[in-house]
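Q: This is what each chain is made of:
Protein chains: 4
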Amino acid sequence: MDNTESVDAQSLAERVGVCMMDKSPVIHHWGVELLTIEPGSVTMRMTIREDMANLHRQCHGGVLFTMADACFGFASNSYNERTVAASCDIRFLKPAEIDDVITAHSVEVWKRGRSGLYDVTLTNQDGEKIAIIRA
Amino acid sequence: MDNTESVDAQSLAERVGVCMMDKSPVIHHWGVELLTIEPGSVTMRMTIREDMANLHRQCHGGVLFTMADACFGFASNSYNERTVAASCDIRFLKPAEIDDVITAHSVEVWKRGRSGLYDVTLTNQDGEKIAIIRA
Amino acid sequence: MDNTESVDAQSLAERVGVCMMDKSPVIHHWGVELLTIEPGSVTMRMTIREDMANLHRQCHGGVLFTMADACFGFASNSYNERTVAASCDIRFLKPAEIDDVITAHSVEVWKRGRSGLYDVTLTNQDGEKIAIIRA
Amino acid sequence: MDNTESVDAQSLAERVGVCMMDKSPVIHHWGVELLTIEPGSVTMRMTIREDMANLHRQCHGGVLFTMADACFGFASNSYNERTVAASCDIRFLKPAEIDDVITAHSVEVWKRGRSGLYDVTLTNQDGEKIAIIRA
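Chains as they are written, first to last, in this note's numbering: chain F, 1 to 135; chain A, 136 to 270; chain Y, 271 to 405; chain E, 406 to 540.
Hints were generated in silico from the structure; no laboratory data involved. Hints are supplied without guarantee of correctness; some may be wrong.
[Stated by the list, open to error] What follows is a set of in silico ranges between Cβ atoms, one per label pair, in the way DEER data are often shown:
{"#": "1", "chain 1": "A", "residue 1": "D234", "chain 2": "Y", "residue 2": "E308", "range": "53 to 59 angstroms"}
{"#": "2", "chain 1": "A", "residue 1": "D261", "chain 2": "Y", "residue 2": "E320", "range": "51 to 57 angstroms"}
{"#": "3", "chain 1": "Y", "residue 1": "C289", "chain 2": "A", "residue 2": "R184", "range": "49 to 55 angstroms"}
{"#": "4", "chain 1": "E", "residue 1": "E438", "chain 2": "A", "residue 2": "H191", "range": "19 to 25 angstroms"}
{"#": "5", "chain 1": "E", "residue 1": "E455", "chain 2": "Y", "residue 2": "K381", "range": "32 to 38 angstroms"}
{"#": "6", "chain 1": "E", "residue 1": "Q530", "chain 2": "F", "residue 2": "E50", "range": "52 to 58 angstroms"}
{"#": "7", "chain 1": "E", "residue 1": "E513", "chain 2": "Y", "residue 2": "T317", "range": "31 to 37 angstroms"}
{"#": "8", "chain 1": "Y", "residue 1": "R327", "chain 2": "E", "residue 2": "E455", "range": "53 to 59 angstroms"}
{"#": "9", "chain 1": "Y", "residue 1": "E308", "chain 2": "A", "residue 2": "R249", "range": "32 to 38 angstroms"}
{"#": "10", "chain 1": "Y", "residue 1": "R384", "chain 2": "A", "residue 2": "D234", "range": "46 to 52 angstroms"}
{"#": "11", "chain 1": "Y", "residue 1": "E367", "chain 2": "F", "residue 2": "K111", "range": "38 to 44 angstroms"}
{"#": "12", "chain 1": "E", "residue 1": "S446", "chain 2": "F", "residue 2": "E50", "range": "40 to 46 angstroms"}
{"#": "13", "chain 1": "A", "residue 1": "H191", "chain 2": "E", "residue 2": "S520", "range": "38 to 44 angstroms"}
All C-beta atoms in this analysis are idealised placements derived from N, C-alpha and C, irrespective of residue type, glycine included.
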């Protein structure tokens, strides 16, 4: 990819990101940012705030799921469309705490026709895995 | 249970509910209400708002997960405490739309020592199942 | 249901059971018996043998999965037909030991068109839960 | 790694494989072979036989689960020991047919203390994914 194409792809990703924020007040509310997007692979970032956490300063599992779900949806090009009986399996590996910067990265595991399987990994600023979701 | 005990239990549930709202800005933000609470069994209610939905007026999966997760956490008496490697499996069965009134009900499937397995079912105002979570 | 219908249903269940054993050498190999069958609900039985177990006399997880999977397949009337990307979640709750008599019972949790969700519970002769599968 | 170490590692893997077959009649029964073993990563092979399949010549899901479970157990160095409430999620992607040669490969996704998360992928002789298990 030469420099011009690279700039175009980044520009596209940013436009899609803006569009996504406009369409999803939930994603917007939690301050999720789109960093990179390629076919089947998306990276997002979110900083844990006081209003996402409990008294122990740990982020609510629902907020982490929301971020992972958005990352998956974006990767599968089906954001906001959900197949009936779609199943997501999330494993919480380590608590995310206030001021942690969480990165979500999705990878396409398998794809055939309109069906697909994606793994999303959430890591903190120290590279520790926070949660893994399969969708 | 006589009437006095029944009133006491309801009164306790309400106090716990208020406490929970104070402790969890996420639950408070989505307007989740605690209806009933018994050992291992909890019922909650939430009305789908515009700011939970996308352009197709369908509720974000992350908001439904958040409600189910709160219901589970409450039922397991471990709200806001999360076991390492805890796993949740959610299945989306039908979209929830704006103005839908969603009820979450948790049931204890299995318990031994500090380990337990809970099923949470989300249903809409017509009694249709929206999502099922096992945690 | 009068006595004649009851006898007929039992007779049908037995014929289906024989047919299933003929069609599935795997089920036959592990000695799984069909006890009762109703629409969406099936009960099976299996006794843990030496050749299903390890040195610690505990049954292999794969054998328990096989039994649960057969019970689910029978309940969904789709035995030996498998949807692409079908997902099964199994939780092992207590080891099954040699000479334990395991009962599998399936319940239909949700159904729409050709999609469905079933829970299968495996219990031992003391009524203790051995494993739960959602498929 | 020089040639001598490489030979030793292979020799060890083979001894462990023989030991495993002796200890697990279930694995032995299905003809699962151990190909390679490294810390956290194991490769196995199995050929689909008539007695693993149904009339449509497709392998029973329970046999595929058994192979994946053995691969996981070996990778986690805990074969035949099972944690209470351990959860396995399997997704069936494509049927395996008689005479297919299935390879199982496990990868360690996350590890802390005695807890760990492993992915096992089953592929056929054409490199197509048959099933994915997370345990």
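Q: Are the hints correct? Go through all of them and say.
A: Verification of the supplied hints:
1. D234(A) x E308(Y): 53 to 59 angstroms: Check failed, 38 angstroms falls outside 53 to 59 angstroms.
2. D261(A) x E320(Y): 51 to 57 angstroms: Distance hint for D261(A), E320(Y) holds at roughly 53 angstroms.
3. C289(Y) x R184(A): 49 to 55 angstroms: For C289(Y) and R184(A) the Cβ distance comes to about 53 angstroms; the hint holds.
4. E438(E) x H191(A): 19 to 25 angstroms: Violated - the Cβ-Cβ distance for E438(E) and H191(A), about 51 angstroms, lies outside 19 to 25 angstroms.
5. E455(E) x K381(Y): 32 to 38 angstroms: Distance hint for E455(E), K381(Y) holds at roughly 33 angstroms.
6. Q530(E) x E50(F): 52 to 58 angstroms: Given about 55 angstroms between the Cβ atoms, the range holds.
7. E513(E) x T317(Y): 31 to 37 angstroms: About 36 angstroms separates the Cβ atoms of E513(E) and T317(Y), which means 31 to 37 angstroms holds.
8. R327(Y) x E455(E): 53 to 59 angstroms: violated, 30 angstroms
9. E308(Y) x R249(A): 32 to 38 angstroms: For R249(A) against E308(Y), whose Cβ atoms are near 37 angstroms apart, the range 32 to 38 angstroms holds.
10. R384(Y) x D234(A): 46 to 52 angstroms: The hint (46 to 52 angstroms, Cβ to Cβ) is violated, given that R384(Y) and D234(A) are roughly 30 angstroms apart.
11. E367(Y) x K111(F): 38 to 44 angstroms: Between E367(Y) and K111(F), where Cβ atoms are some 42 angstroms apart, the hint holds.
12. S446(E) x E50(F): 40 to 46 angstroms: holds, 41 angstroms
13. H191(A) x S520(E): 38 to 44 angstroms: The hinted range 38 to 44 angstroms holds for H191(A) and S520(E), with Cβ atoms some 39 angstroms apart.
The earlier numbered hints that this structure contradicts are 1, 4, 8, 10.
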